[in-house]
Amino acid sequence: MVASCFSRARALVPCLLLFLAACAPLIAGYSLEAYRNATSLKAETLALMAEAGEPYAQHEDEVKALKVKLSAAQEFVAGMANNSLSAEQWTIMNDPDGGLAGEYWAVWEAQQTVSAPAMGAQIQQVGAAFDEIICLEANKEKDTAC
Amino acid sequence: MSKFDDFLSGVSNGLAPLVTDFAAGLRKDAVDDMLAFLDAKKDDLLRWTDLLAKGQITQLEFTMLVNGAKSLLKLRALRVAGVQLARVQRLRSAFVDLVIQQAVGTFLPG
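If you read the sequences in order, they're chains W and Y.
For reference, each letter of the first sequence is one residue, going 18 to 163 in this note's numbering.
For reference, each letter of the second sequence is one residue, going 1306 to 1415 in this note's numbering.
It is worth saying that the hints were derived from the structure and are not from the lab.
Check each hint, because a few of them may be wrong.
[Said to hold, decoys possible] In silico BS3-like cross-links for lysine-lysine, where the CA-CA straight-line distance does not exceed 25 Å:
#: 1; chain 1: Y; residue 1: K1359; chain 2: Y; residue 2: K1379
#: 2; chain 1: W; residue 1: K159; chain 2: Y; residue 2: K1346
#: 3; chain 1: W; residue 1: K159; chain 2: W; residue 2: K59
#: 4; chain 1: Y; residue 1: K1308; chain 2: Y; residue 2: K1359
#: 5; chain 1: Y; residue 1: K1347; chain 2: Y; residue 2: K1308
#: 6; chain 1: W; residue 1: K84; chain 2: Y; residue 2: K1347
#: 7; chain 1: W; residue 1: K86; chain 2: W; residue 2: K59
#: 8; chain 1: Y; residue 1: K1359; chain 2: W; residue 2: K84
#: 9; chain 1: W; residue 1: K81; chain 2: W; residue 2: K59
#: 10; chain 1: W; residue 1: K59; chain 2: Y; residue 2: K1359
#: 11; chain 1: Y; residue 1: K1359; chain 2: Y; residue 2: K1347
#: 12; chain 1: Y; residue 1: K1347; chain 2: W; residue 2: K159
#: 13; chain 1: W; residue 1: K59; chain 2: W; residue 2: K84
#: 14; chain 1: Y; residue 1: K1308; chain 2: Y; residue 2: K1346
#: 15; chain 1: W; residue 1: K59; chain 2: Y; residue 2: K1308
#: 16; chain 1: W; residue 1: K86; chain 2: Y; residue 2: K1379
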């Protein structure tokens, strides 16, 4: 009788450990604000990128204002616990050497304009990059095909 | 069979479909998706090299596009990793719910 109870109690130990482990989140929960930031900034960023056939000087203020918003979105996700994957995505997006939005602003400024083929290709890449950020955020809530 | 055995059996039976769904999703996202992406990027790289050779894009623009392709792959990998973590978290929650449901059903009948 005593041995049987002891054996059952031992069998419960893995369950109890699992319950304790279940308390620590593996990844941050879904954030509506992060999702909205990403979707609205995608539209704003792609629209401004499409203006790069015109001299940078004509759009410098708009680019600076948008960079502040992009940076704020990055800081927002970086400030959430267990959110390092999303934070890393935003860091790459805004990095001036990262080949995405951050580098596009730098190339536009350096050359004053961006050629039509490069503009088209980069708009596609930055759009796809935003989709990855949006997809990850959506999947934190539930399984979502992106 | 004791109540405790009923409980363990209920948990085991309920666990199988949870794990099957999880494993199916893992394979699709982590492997097929990345392979398809790499294939699509190969065509882009060939097109950009041609544009550079014809002088239709600058070297700075070419560098940006290639850096962008590499970064896009990283963002994709981060997304795949995040989606799997979220899925593991949901599996864990479903397992905890299953254990509670079975325990209540078995030990607190009625």
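Now the hints, each set against the structure:
no. : hint                 : in the structure
1   : Y:K1359 with Y:K1379 : 29 Å, violated
2   : W:K159 with Y:K1346  : 29 Å, violated
3   : W:K159 with W:K59    : 22 Å, holds
4   : Y:K1308 with Y:K1359 : 77 Å, violated
5   : Y:K1347 with Y:K1308 : 59 Å, violated
6   : W:K84 with Y:K1347   : 30 Å, violated
7   : W:K86 with W:K59     : 11 Å, holds
8   : Y:K1359 with W:K84   : 33 Å, violated
9   : W:K81 with W:K59     : 16 Å, holds
10  : W:K59 with Y:K1359   : 31 Å, violated
11  : Y:K1359 with Y:K1347 : 19 Å, holds
12  : Y:K1347 with W:K159  : 32 Å, violated
13  : W:K59 with W:K84     : 12 Å, holds
14  : Y:K1308 with Y:K1346 : 57 Å, violated
15  : W:K59 with Y:K1308   : 56 Å, violated
16  : W:K86 with Y:K1379   : 23 Å, holds
When the structure is compared with the earlier hints, violations turn up for hints 1, 2, 4, 5, 6, 8, 10, 12, 14 and 15 and for no others.
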